[in-house]
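Same order as they appear, the protein sequences are chains A and B.
Each residue of the first sequence is one higher than the last, beginning at 1 in our numbering.
Each residue of the second sequence is one higher than the last, beginning at 1 in our numbering.
FYI, nobody ran anything at the bench for these hints, they're computed from the structure.
Source: prediction; values computed, not measured.
Please note that the accuracy of each hint is not assured.
Claimed, not checked - Which stretches of chain A does chain B cover? Using the computed rule of at least three CB atoms under 8 Å from a CB of chain B, they are:
id	region
1	29–43
2	80–88
Claimed, not checked - Not everything, but these chain B residues come out facing chain A in the computed CB check (under 8 Å):
id	residue
3	V106
4	W111
5	Y135
6	G239
Note that the Cβ used here is the ideal one computed from N, Cα and C, for glycine as well.
The residues making up each chain are set out below.
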Amino acid sequence: MLVTNLTILVLAGFIGFAVISKIPNTLHTPLMSGTNAIHGIVLLGGLLIVGFSGNSAFNKVILVIAIAFGTINIVGGFLVTDRMLEMFKRKPTQAPKDGEPK
Amino acid sequence: MILATSFFHNANFLRVLYIVAFALFIYGLMGLTGPRTAVRGNRIAAVGMAIAVIATLLAQGEGNWGLIIIGVAIGTAVGIPAARRVRMTAMPQMVALFNGVGGGAVFLIAWAEFRNTGGYAHSAGLPGSGPVATYIAVFSIFAAIVGSVSFWGSNIAFGKLQELLPGRPITLGRFQQPVNFLLGAIAIALGVAIVAGSHSELIFILMLVTAALLGNAVVLPIGGADMPVVISMLNAATGLSAAATGVALNNPALIVAGMIVGASGSILTNLMAVAMNRSIPAIIAGGFGGGGVVEGAAGAGAFAGTVRSTSAADVAMQLAYARQVVVVPGYGMAVAQAQHAVRELAKELEARGVEVKYAIHPVAGRMPGHMNVLLAEADVPYEQLKEMDDINPEFPRTDVALVIGANDVTNPAAHTNPSSPIYGMPILDVENAHSVVVIKRSMNPGFAGIENELYFKPNTSMLFGDAKSAVSDITAELADI
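Just chain A, same shape as in the assembly:
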């Protein structure tokens, strides 16, 4: 199991490098925000552990906090990235009205 997981770990690292190094400077802020949302996937860890039968009351409290944190990370991260990227989209009605010289 360890070896399989380490294989996945190393390959995923190289994929990350390969995909990300192509991204232009302009989009670095949305990229940072988008990848930030993706590590919210730790939410899954909270969802899995909260199912264990042996959880004490204290465990339940910290796991609810962890799930809330993970959800904030995912929901907030993707939404904020979407808002930023929407601004890069062309507004087709705008261009002719402005009378751009070019």
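Add chain B to chain A, keeping to what the hints say.
Then chain B, alone, in the frame of chain A:
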């Protein structure tokens, strides 16, 4: 029905959904390479995340639905309004905050796992079952330490950018490095003690506290100007800790997603550091943005030159008869929400046949690409935004360089003064323009706390005031010419 339930509980079915999820993450990130595909890319990644979450919920069995619903409801209730309301200028601290909660989730999950297994003594959470495999304990401890550092570090970064904490470095001076090193060593030693067989929760808590202190100690001494690099680094750290959690929980979705973030965050950190000509170890060493303040405050008169102040009417006159105007926007423009006013001024100038371009420094604003977002918000055409290397050769042919709220990225000391903290940082060579107009609130030094000699040059004139009203005044004067 029974068939359906067992189908969802099938480990292979779950793994297949996870493969779909991380394929969507990777495909979505590939979409982020261009402005046209970026929105779709982000949404594809979000769909991948939804699939991963739903798959986990289906596989989760009898579960603890009540707790899950409470947690998700709280998270949604906090996350959605925060993401919708935040102003574009406050984006860096928002990213810091979202990053921090991610790190918080990581260390809390590691803590719950430690408690569930009786300090890694019983793998099934029941007395009598065999101990947890050593490698699982190692990855879990790594996640706990890094998650805690990231949580506290991100919160400090948020506090500094939101100006809840002083942006200036708070440092222990020459004791800072030994203290950081000691805190790191203690956290690791406590982690080793747990892996070696101590089941004491007290040691685990001490380890979390030490890591928390380390998070504070690393970020507090870092000056405001370096903060984006730090956030990016903490982003990578949270990604790595999520990947470690994935190894500990044998969950491939966590491993892949966490590792991709770790890799991208590392690249981004490096790119930002290069753009600011700062080495990452030097940033961690801290103190940047502190030394120059003292010097600046004491030595404002040290520059042999005087500051020339001008009026909106004069600036309007200069601009109206220019052939090419280059606008150099900075964070000050963003804070004043002046980007729309700037766009109005540019339209007015274009109507008069003046060519208007925007010079975007790689770290204009507070993060790479931050300024592009702000100007895109104000509908500035994408092709008018020029990157530093494209615009610098154009300054000698530029009649007026209009610097709005930018400071350190225009400071010629980066070329001329080897003792300046920003020496060697690539800058926009606005001083080469025929004339330079700087719109600035006051003579206070910028984010890095360094005096700017540009303001004392003979071809520079200063228009003091709020960026938004100053630009509006110029536009109004322009209409009268």
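Practice task
Given that the region 29–43 of chain A was listed as covered by chain B, double-check it with a C-beta distance under 8 Å for 3 or more residues.
Solution key: It holds, with 15 qualifying residues against the three required.
Exercise for the section: Test coverage of the region 80–88 of chain A by chain B using CB-CB distances below 8 Å; three residues minimum. Expected result: Holds, because 9 residues of the region 80–88 of chain A bring their Cβ atoms closer than 8 Å to Cβ atoms of chain B.
Exercise for the section: Tell me if V106(B) is really an interface residue toward chain A, meaning its C-beta lies closer than 8 Å to one of theirs. Expected result: With a closest approach of 5 Å, the V106(B) hint holds.
Problem - Supplied contact hint for Y135(B), tested at 8 Å Cβ to chain A - result: 5 Å, holds
Exercise for the section: Under 8 Å, Cβ to Cβ, is where W111(B) needs to be relative to chain A, so tell me if that hint holds or is violated. Expected result: 6 Å, holds
Practice task
Identify whether the interface hint at G239(B) stands, where standing means a beta carbon of chain A within less than 8 Å of its own.
Solution key: Holds, because the Cβ-Cβ distance from G239(B) to chain A comes to roughly 5 Å (cut-off 8 Å).
Checked against the numbered hints given earlier, the structure satisfies every one of them.
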